[in-house]
Amino acid sequence: MNRRHFSQKSLLYVGGAFALSKNVDSTSKSPLKRRCPGMLQKGDTVALIAPGSSIPDEKIEKAKANIESLGLKTKEGKNIRKKYGYTAGTDQERIADLHWAFSDKSIKGVWCLRGGYGCTRILPFLDYKLIKKYPKPLIGYSDVTALQMAIYKKTGLTTFHGPVGSSEFTPYSVQQIKKILFSNLSTLDILPFEKEKIEVLSPGKAQGDLIGGNLSLISAMCGTTYLPSAKGKIVFLEDIEEKPYRIDRMLIQLEQAWDLNKAKGILLGEFVDCDSDSDRSLSLQETLENHFKDINIPVLYRVSLGHIDNQATYPIGVRSSMDTSNPTIRISEKWMQ
102 MNRRHFSQKS LLYVGGAFAL SKNVDSTSKS PLKRRCPGML QKGDTVALIA
152 PGSSIPDEKI EKAKANIESL GLKTKEGKNI RKKYGYTAGT DQERIADLHW
202 AFSDKSIKGV WCLRGGYGCT RILPFLDYKL IKKYPKPLIG YSDVTALQMA
252 IYKKTGLTTF HGPVGSSEFT PYSVQQIKKI LFSNLSTLDI LPFEKEKIEV
302 LSPGKAQGDL IGGNLSLISA MCGTTYLPSA KGKIVFLEDI EEKPYRIDRM
352 LIQLEQAWDL NKAKGILLGE FVDCDSDSDR SLSLQETLEN HFKDINIPVL
402 YRVSLGHIDN QATYPIGVRS SMDTSNPTIR ISEKWMQ
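Okay, so the sequence shown: first residue is 102 according to our numbering, each after it adds one.
Any given hint could turn out to be false.
What the hints assert, rightly or not - List of simulated lysine to aspartate or glutamate pairs, EDC-like, C-alpha gap at most 20 Å:
1. K209 x D158
2. K165 x D410
3. K176 x E162
4. K394 x E297
5. K435 x D410
6. K306 x D290
7. K165 x D192
8. K279 x D410
9. K344 x D380
10. K179 x E194
11. K209 x D145
12. K394 x E434
13. K279 x D145
14. K332 x D360
Worth flagging that the hints you see were computed from the coordinates, not collected in a lab. Given the structure is predicted, the values throughout are model-derived calculations rather than measurements.
Please model the complete structure; the sequences and the hints are all you need to start from.
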């Protein structure tokens, strides 16, 4: 079985000066100008919301301590302690908290407490005009991928794939958060936590806007109007507790129902607890190599991304570059106001 059928057009190299990136997706006839959120400063207030699964009180307190350790103040969404089956309140309650977080002028950032499940449910009912009117950094990962992809697709707003509020805030992850969220630089290298762990599945260099997130969520969004195009992008992917055959199935979905084969580069994070102990299964390594080994675009595996403690923060929609000869992701344009 060989899935190495990426388009030869991916070999094209984008050179020259970096311009303000514009997102052109497969369902849009005109480019969508990327919008920069305001950078965070010590003393700012950030909203805590739970747009997906419910979260225990002790995890909320942990999140508050984590975020306040950055010199920020926190303000709870009024519904974050609610439970409705497997979600943190009803769809309407979770939407209300998200809309409040963006519309309240005293709030400078929106931090998701956890992922879990539920974000895809609310995508059709979000007020994207409101979010576009009040651009703020939205931070999270896992199920939050759905919000990040949809908001970028509908508004052009850069959001941030990084630790949720209840994550372990390690010295590395805090350093990365501060570099990305408290800075208005125009160039920055995202250095991996353990460079020696990174594997080059396919060598090369690439430039493109940075998009991605959780593989399961992106797979589930294929065919909807909420997933931006992968064409010309550097796409990052990660997942947790999925067997190799499921990883294979989701990657096939991205190749057949999305335009992953038109990406300029691929960044694979950690796929935590995704291997198999069955002798009837390919290993995770074999599965990923089957899709990405020596294809005609660069691919790095085990970058600091995913359901791990030492997690980097990635700005979505921002012009970036990658070079497998010196495994580093370089952000190449201003991502904060």
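Comparing the hints with the structure gives:
no. : hint        : in the structure
1   : K209 x D158 : violated (24 Å)
2   : K165 x D410 : holds (17 Å)
3   : K176 x E162 : holds (12 Å)
4   : K394 x E297 : holds (19 Å)
5   : K435 x D410 : violated (27 Å)
6   : K306 x D290 : holds (15 Å)
7   : K165 x D192 : violated (23 Å)
8   : K279 x D410 : holds (16 Å)
9   : K344 x D380 : holds (13 Å)
10  : K179 x E194 : holds (9 Å)
11  : K209 x D145 : holds (6 Å)
12  : K394 x E434 : violated (30 Å)
13  : K279 x D145 : holds (14 Å)
14  : K332 x D360 : holds (6 Å)
This entry does not satisfy hints 1, 5, 7 and 12, going by the numbered hints stated previously.
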